[in-house]
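Residue strings, one per chain:
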Amino acid sequence: RKEVEQDPGPFNVPEGATVAFNCTYSNSASQSFFWYRQDCRKEPKLLMSVYSSGNEDGRFTAQLNRASQYISLLIRDSKLSDSATYLCVVNRFGEYGNKLVFGAGTILRVKS
Amino acid sequence: DVKVTQSSRYLVKRTGEKVFLECVQDMDHENMFWYRQDPGLGLRLIYFSYDVKMKEKGDIPEGYSVSREKKERFSLILESASTNQTSMYLCASRDTRPDEDEQYFGPGTRLTVT
Chain G
1 RKEVEQDPGP
11 FNVPEGATVA
21 FNCTYSNSAS
31 QSFFWYRQDC
41 RKEPKLLMSV
51 YSSGNEDGRF
61 TAQLNRASQY
71 ISLLIRDSKL
81 SDSATYLCVV
91 NRFGEYGNKL
101 VFGAGTILRV
111 KS
Chain V
1 DVKVTQSSRY
11 LVKRTGEKVF
21 LECVQDMDHE
31 NMFWYRQDPG
41 LGLRLIYFSY
51 DVKMKEKGDI
61 PEGYSVSREK
71 KERFSLILES
81 ASTNQTSMYL
91 CASRDTRPDE
101 DEQYFGPGTR
111 LTVT
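Keeping their order, the protein sequence lines are chains G and V. Here the working numbering is used: the first residue of the first sequence is 1, the next is one more, and so on. Here the working numbering is used: the first residue of the second sequence is 1, the next is one more, and so on.
Don't take each hint at face value.
Derived Cβ-Cβ restraints for the label pairs, each shown as a range [unchecked claim]:
#, chain 1, residue 1, chain 2, residue 2, range
1, G, S112, V, I60, 38 to 46 Å
2, V, S7, G, K79, 28 to 36 Å
3, G, S68, V, K13, 27 to 35 Å
4, V, E79, G, R66, 27 to 35 Å
List time: in silico DSS-like cross-link candidates among lysine-lysine, alpha-carbon distance up to 30 Å [as the list claims (entries may be wrong)]:
#, chain 1, residue 1, chain 2, residue 2
5, V, K18, V, K55
6, V, K70, G, K111
7, V, K18, G, K79
8, V, K3, G, K99
9, G, K2, V, K70
10, G, K79, V, K71
11, V, K53, G, K45
12, G, K99, V, K18
13, G, K111, V, K53
14, V, K53, G, K79
15, V, K70, G, K99
Okay, the calculated bits of chain V under chain G, using three or more residues with CB under 8 Å as the criterion [unchecked claim]:
#, segment
16, 13–24
17, 49–58
18, 101–111
Hints were generated in silico from the structure; no laboratory data involved. This structure is a prediction, so every number in the text was calculated from the model and none was measured. The beta carbon of each residue, even a glycine, is placed where N, CA and C say it ideally should be.
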């Protein structure tokens, strides 16, 4: 079983739609959670951290359910520019510092 | 603005060649990482370095080695390139301060081994 699992998609949605991505992780010791965004042929960039109480950044809402080891990302009022791959990321503790474990990503395509 | 640069965007090498991929960051970060990214598998950690001359194996270190002689530079070495090392290679760096979560990536090097 992969340490971080995501539905690969693609999710094809019209502009203005609300779309949700889910992610599960297997290491119950993970303490930090993130969503990264990767545009086509570009490097990943941090979209938002995910906090236990849930957090919102404009049209984006992230939720964490520790009991179920489940993370979600909700995008409201989708824009064409939201088209990208969304990577679910959790930390893994190590002797020499934390390392990040990346999911394979969920592809979002927003169409006009 | 953090900047992570990689020496090449595209590279084509022959099987058996020794390959050097260079990465430089300008933010004085202690931690640096090398990943490869393949379709369906996501980013997988090859090696990371937590200080100059210090390194630790990631999840898939076989066939690779690394060098960190200066804080800003982290090199990935393929001792004898093989076709299964054809991939996108991404370098990243991160601060070690507790409130610094973000990992910054370079633009990637697409390596093809023929």
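Consistency of the hints with the structure:
1. Checked against the given bound of 38 to 46 Å, the beta carbons of G/S112 and V/I60, roughly 40 Å apart, stay inside it.
2. In this structure, V/S7 and G/K79 meet the distance hint of 28 to 36 Å, their C-beta atoms being roughly 35 Å apart.
3. Taking the beta carbon of each, G/S68 and V/K13 are about 45 Å apart, not inside 27 to 35 Å as hinted.
4. Between V/E79 and G/R66 the Cβ separation comes to about 42 Å, which falls outside the hinted range of 27 to 35 Å.
5. Proposed proximity of V/K18 and V/K55 is supported: the alpha carbons are some 20 Å apart, at most 30 Å.
6. With a C-alpha separation of about 46 Å, the suggested pairing of V/K70 with G/K111 is violated against the 30 Å cut-off.
7. Simply put, V/K18 and G/K79 have alpha-carbon atoms about 45 Å apart, too far for the 30 Å limit, and the pair is violated.
8. With a C-alpha separation of about 20 Å, the suggested pair V/K3 and G/K99 falls inside the 30 Å cut-off, and the hint holds.
9. A C-alpha spacing of about 34 Å is found between G/K2 and V/K70, which places the hinted pair above 30 Å, so the restraint is violated.
10. Between G/K79 and V/K71, the direct Cα distance comes to roughly 40 Å. Violation of the 30 Å bound is thereby established for this hinted pair.
11. At most 30 Å may separate the alpha-carbon atoms for a hinted pair to count; V/K53 and G/K45 meet this at roughly 27 Å.
12. Pair hint G/K99 plus V/K18 holds up; C-alpha atoms about 28 Å apart against a cutoff of 30 Å.
13. As the CA atoms of G/K111 and V/K53 are separated by approximately 48 Å, the hinted pair breaks the 30 Å bound.
14. For a cut-off of 30 Å, the pair hint linking V/K53 to G/K79 is broken: about 45 Å separates their Cα positions.
15. In summary, the hint linking V/K70 to G/K99 is supported, as the alpha carbons are separated by about 21 Å, within the 30 Å threshold.
16. For the segment 13–24 of chain V, the stated coverage by chain G is violated: 0 residues have a C-beta nearer than 8 Å to a C-beta of that chain, whereas at least 3 were required.
17. Taking a C-beta to C-beta cut-off of 8 Å, the segment 49–58 of chain V contributes 4 residues in contact with chain G, enough for the three needed, and the coverage statement holds.
18. Under the rule that three or more residues need a Cβ within less than 8 Å of chain G, the assignment of the segment 101–111 of chain V holds, with 7 such residues.
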